[in-house]
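Those protein sequences? They're chains A and B, same order as listed.
Going by the numbering used here, the first sequence opens with residue 34, and the numbers climb by one from there.
Going by the numbering used here, the second sequence opens with residue 105, and the numbers climb by one from there.
Each hint should be verified, as a subset may be incorrect.
Pairs of lysine to any residue, SDA-like flavour, derived with a Cα cap of 20 Å [stated by the list, open to error]:
hint, chain 1, residue 1, chain 2, residue 2
1, A, K464, B, F211
2, B, K149, A, Y473
3, A, K289, B, S237
4, A, K363, A, G136
5, A, K303, B, I212
6, A, K128, B, Q128
So the derived list for chain A, only partly shown, Cβ under 10 Å to chain B, looks like this [what the hints assert, rightly or not]:
hint, residue
7, S156
8, H257
9, D300
10, S446
No wet-lab data here; the hints were simulated from the structure.
Each residue gets a CB set at the ideal place from its N, CA and C atoms; glycine is no exception.
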Amino acid sequence: MHHSTRSSAWRRVASVAVAGAVAAAALVGCSSSGTGSDSGSSASDVTATLKKGGTITYWTWTPAAKAQVAAFEKAYPKVHVKLVNAGTNTTEYTKLQNAVKAGKGAPDVAQVEYYALSQFALSDSLVDLKQFGFDSLKKDYSTGPWGNVNVQGALVGLPQDSGPMAMFYNKTEFEKYGISVPTTWDEYVAAAKKLHAANPDAYITADSGDPGFATSMIWQAGGHPFTVDGTKVTINLQDEGTKKFTSVWNELVQNKLLSQTPGWTDDWYKALGNGDIATMITGAWFPGILESSVKDGSGQWAVAPIPTYDGKAANAENGGSAEVVMKQSKNQALAAGFLQWLNDSKKSVSIFINAGGGFPSTTADQNSSAFLNQAPEYFNGQKINKVLVSGAKDVVSGWQYLPYEVYANSIFSDTVGQAYSNATSLDPALKNWQKQLVTYGNQQGFTVKGK
Amino acid sequence: MIGLALFVIAPIVYALYLSVFRSQLVGGTTFVGLENYLTLFGDAKFWDSFLRVLLFLVVQVPIMLVLSLVAALALDSMRLHGAGFFRIAIFLPYAVPGVVAALIWGFIYGDQFGLTGAVNDAFGWHLAPLSSSWILGSIGNIVTWEFMGYNMLIFYSALRVVSPDLYEAAELDGAGAFRQITSIKIPALRGSMVIAVIFSIIGSFQLFNEPNLLQTLAPNAIGSYFTPNMYAYNLSFAGQQFNYSATVAIVMGVITAVISYIVQVRGTRAENL
Numbered sequence: 034m035h036h037s038t039r040s041s042a043w044r045r046v047a048s049v050a051v052a053g054a055v056a057a058a059a060l061v062g063c064s065s066s067g068t069g070s071d072s073g074s075s076a077s078d079v080t081a082t083l084k085k086g087g088t089i090t091y092w093t094w095t096p097a098a099k100a101q102v103a104a105f106e107k108a109y110p111k112v113h114v115k116l117v118n119a120g121t122n123t124t125e126y127t128k129l130q131n132a133v134k135a136g137k138g139a140p141d142v143a144q145v146e147y148y149a150l151s152q153f154a155l156s157d158s159l160v161d162l163k164q165f166g167f168d169s170l171k172k173d174y175s176t177g178p179w180g181n182v183n184v185q186g187a188l189v190g191l192p193q194d195s196g197p198m199a200m201f202y203n204k205t206e207f208e209k210y211g212i213s214v215p216t217t218w219d220e221y222v223a224a225a226k227k228l229h230a231a232n233p234d235a236y237i238t239a240d241s242g243d244p245g246f247a248t249s250m251i252w253q254a255g256g257h258p259f260t261v262d263g264t265k266v267t268i269n270l271q272d273e274g275t276k277k278f279t280s281v282w283n284e285l286v287q288n289k290l291l292s293q294t295p296g297w298t299d300d301w302y303k304a305l306g307n308g309d310i311a312t313m314i315t316g317a318w319f320p321g322i323l324e325s326s327v328k329d330g331s332g333q334w335a336v337a338p339i340p341t342y343d344g345k346a347a348n349a350e351n352g353g354s355a356e357v358v359m360k361q362s363k364n365q366a367l368a369a370g371f372l373q374w375l376n377d378s379k380k381s382v383s384i385f386i387n388a389g390g391g392f393p394s395t396t397a398d399q400n401s402s403a404f405l406n407q408a409p410e411y412f413n414g415q416k417i418n419k420v421l422v423s424g425a426k427d428v429v430s431g432w433q434y435l436p437y438e439v440y441a442n443s444i445f446s447d448t449v450g451q452a453y454s455n456a457t458s459l460d461p462a463l464k465n466w467q468k469q470l471v472t473y474g475n476q477q478g479f480t481v482k483g484k
Numbered sequence: 105m106i107g108l109a110l111f112v113i114a115p116i117v118y119a120l121y122l123s124v125f126r127s128q129l130v131g132g133t134t135f136v137g138l139e140n141y142l143t144l145f146g147d148a149k150f151w152d153s154f155l156r157v158l159l160f161l162v163v164q165v166p167i168m169l170v171l172s173l174v175a176a177l178a179l180d181s182m183r184l185h186g187a188g189f190f191r192i193a194i195f196l197p198y199a200v201p202g203v204v205a206a207l208i209w210g211f212i213y214g215d216q217f218g219l220t221g222a223v224n225d226a227f228g229w230h231l232a233p234l235s236s237s238w239i240l241g242s243i244g245n246i247v248t249w250e251f252m253g254y255n256m257l258i259f260y261s262a263l264r265v266v267s268p269d270l271y272e273a274a275e276l277d278g279a280g281a282f283r284q285i286t287s288i289k290i291p292a293l294r295g296s297m298v299i300a301v302i303f304s305i306i307g308s309f310q311l312f313n314e315p316n317l318l319q320t321l322a323p324n325a326i327g328s329y330f331t332p333n334m335y336a337y338n339l340s341f342a343g344q345q346f347n348y349s350a351t352v353a354i355v356m357g358v359i360t361a362v363i364s365y366i367v368q369v370r371g372t373r374a375e376n377l
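Whenever a hint applies, use it, and build me the whole structure from the sequences.
Shown next, in the form of structure tokens:
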């Protein structure tokens with residue numbers, strides 16, 4: 034018998050019930066959204082409230098948060114920030130979503146990744162920061178993250194970090210097999226073939242089906258598979274950009290040229306260290322992961338711009354978070370003041386870079402000579418930030434995520450993941466994903482059309 | 105009584121209440137009557153997960169119970185040296201928390217740097233316990249390892265209460281060890297076997313911990329609806345579909361209760377024959 038399975042099942046039933054209770058409470062309290070006491074405040078109020086003081090709650094899983102909050106409280110001694118780690122990404126979103134439904138219990142300021150922003154914007158739970166004049170901060174940020182925090186005409190947050198993509202590659206492995214560093218995707222496929230033929234244990238990269246990666250790649254190829262206008266959604270996972278991506282990637286999938294080691298597992302870290310995974314096409318936050326978790330790879334890795342389709346530079350974002358002000362906040366002006374300091378002040382961003390190893394979204398910090406001239410030993414002294422910052426300038430604008438991207442990602446392995454496992458074309462799998470996303474969206478009250 | 109009402113009946117009533125509504129991300133909550141149930145009966149994902157645990161039940165449970173039975177009989181035979189050690193050794197995995205067990209086995213199953221990888225390298229094999237075709241068997245292996253000792257203990261304690269007089273009489277009648285097993289021990293075990301089978305049915309239908317933890321290692325082999333419980337979990341936590349999730353939980357509960365009841369009635373009837 035499976036005793037432990039059984040008791041934990043009960044705990045789950047209980048937590049579903051609790052979550053449901055919260056949902057039921059929302060029935061009673063659904064008219065209470067937007068009860069923030071000062072929704073009519075402006076930029077001058079923000080400065081005034083910071084001086085006046087008060088208490089706010091901040092949910093985040095950013096490693097540098099503690100140091101940032103300490104520095105903030107030193108600068109504004111009358112403001113007290115309650116720092117809460119409510120779990121990493123989806124764990125936090127579940128709690129946040131429940132609080133939104135319940136009409137109470139949400140923090141004043143919360144960390145939300147870019148891909149999940151529109152889900153919260155949709156339920157009208159985020160403050161439009163334009164009322165505090167924050168749209169004037171546009172000039173401070175690079176285009177990719179700024180585009181991400183602007184959801185359907187509202188400014189729903191301020192960018193924290195950003196993840197302009199780049200190609201991280203194992204230089205030692207490339208030199209060992211005489212492979213030149215690819216600059217186009219055709220060269221990348223050729224490199225994949227050459228490497229795997231030379232060493233059957235080695236793969237150009239590991240990808241067993243990652244929704245964040247796939248959407249970023251479609252973004253880089255100029256695709257716009259998701260078009261969102263209010264609650265009207267159009268999904269086309271066979272548009273020109275998507276097909277451009279699959280025409281390259283299918284060749285790797287169908288010829289079994291991708292390592293199927295799932296990301297973030299022990300095997301994956303080991304393979305990154307011993308050359309079995311030769312490149313990673315991913316966000317600018319990746320050096321932090323390599324340096325902290327792949328010690329064996331020190332001195333082997335280097336960074337190059339992401340390969341292009343036609344030699345014309347184009348890039349996308351992968352990962353990254355914003356901080357938002359929740360409508361439930363009783364003191365939105367104060368929360369906004371904290372947020373502005375957190376993500377737009379030199380002091381805070383420098384803590385974020387140095388204590389947390391993050392990649393900033395503010396152009397001033399990206400372009401500061403101290404940042405550009407960092408030459409980490411791990412990368413053999415290469416000035417990697419020069420490559421990464423230059424990549425941030427090429428991010429294609431106009432990308433939109435689904436207003437239910439969190440769910441969409443959760444069923445990616447059921448559909449597209451199967452094509453990876455079976456080494457078949459990604460196109461029918463993407464269509465299958467699209468079909469399920471259309472069904473789900475319509476069930477949830479959106480008007481979703483699949484093209 | 106109050107405790108019963110609060111902790112047993114109230115959640116069930118609440119789940120029933122949830123299952124007749126639908127709440128949407130856009131448009132709020134509406135009463136839908138039995139619509140969720142009708143959707144469920146035509147939901148290929150649900151039946152796919154149900155058939156998977158049914159297959160698991162039909163294959164894994166008999167294997168586990170036969171192994172437990174053999175172990176219990178061996179212990180009871182008094183011919184084993186170090187019986188106490190065996191008893192503890194077989195029971196020990198049950199004391200390992202399910203989460204830890206799944207992590208240990210995840211390492212063993214790793215076909216690159218795990219134990220399986222080492223075995224593959226040494227013998228030139230291509231074992232892939234975490235691939236789609238093997239994953240259910242691999243999970244069955246973990247569950248057997250975890251719960252064999254527990255079931256063995258149920259059987260063993262039932263054997264201990266058999267009166268020694270019976271064995272004495274059997275020996276006088278010239279019955280050998282094997283005859284004693286089939287004529288005395290197995291019949292004595294019938295009641296506890298029914299209990300073990302019912303518990304195992306419940307356990308199989310509620311399979312969750314092991315696949316959910318192995319999912320990070322085998323994301324494409326273990327989908328979001330690998331078992332009914334995982335389906336219910338993902339519906340509510342990734343999809344915000346609490347109402348439909350409650351429907352899944354209720355239907356699975358009813359199916360489990362019906363099958364357990366049939367087993368119990370059949371089991372006790374056979375006893376009376």
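Against the structure, the hints:
no.: 1; hint: A:K464 - B:F211; result: 35 Å, violated
no.: 2; hint: B:K149 - A:Y473; result: 14 Å, holds
no.: 3; hint: A:K289 - B:S237; result: 18 Å, holds
no.: 4; hint: A:K363 - A:G136; result: 12 Å, holds
no.: 5; hint: A:K303 - B:I212; result: 16 Å, holds
no.: 6; hint: A:K128 - B:Q128; result: 17 Å, holds
no.: 7; hint: S156; result: 7 Å, holds
no.: 8; hint: H257; result: 22 Å, violated
no.: 9; hint: D300; result: 5 Å, holds
no.: 10; hint: S446; result: 5 Å, holds
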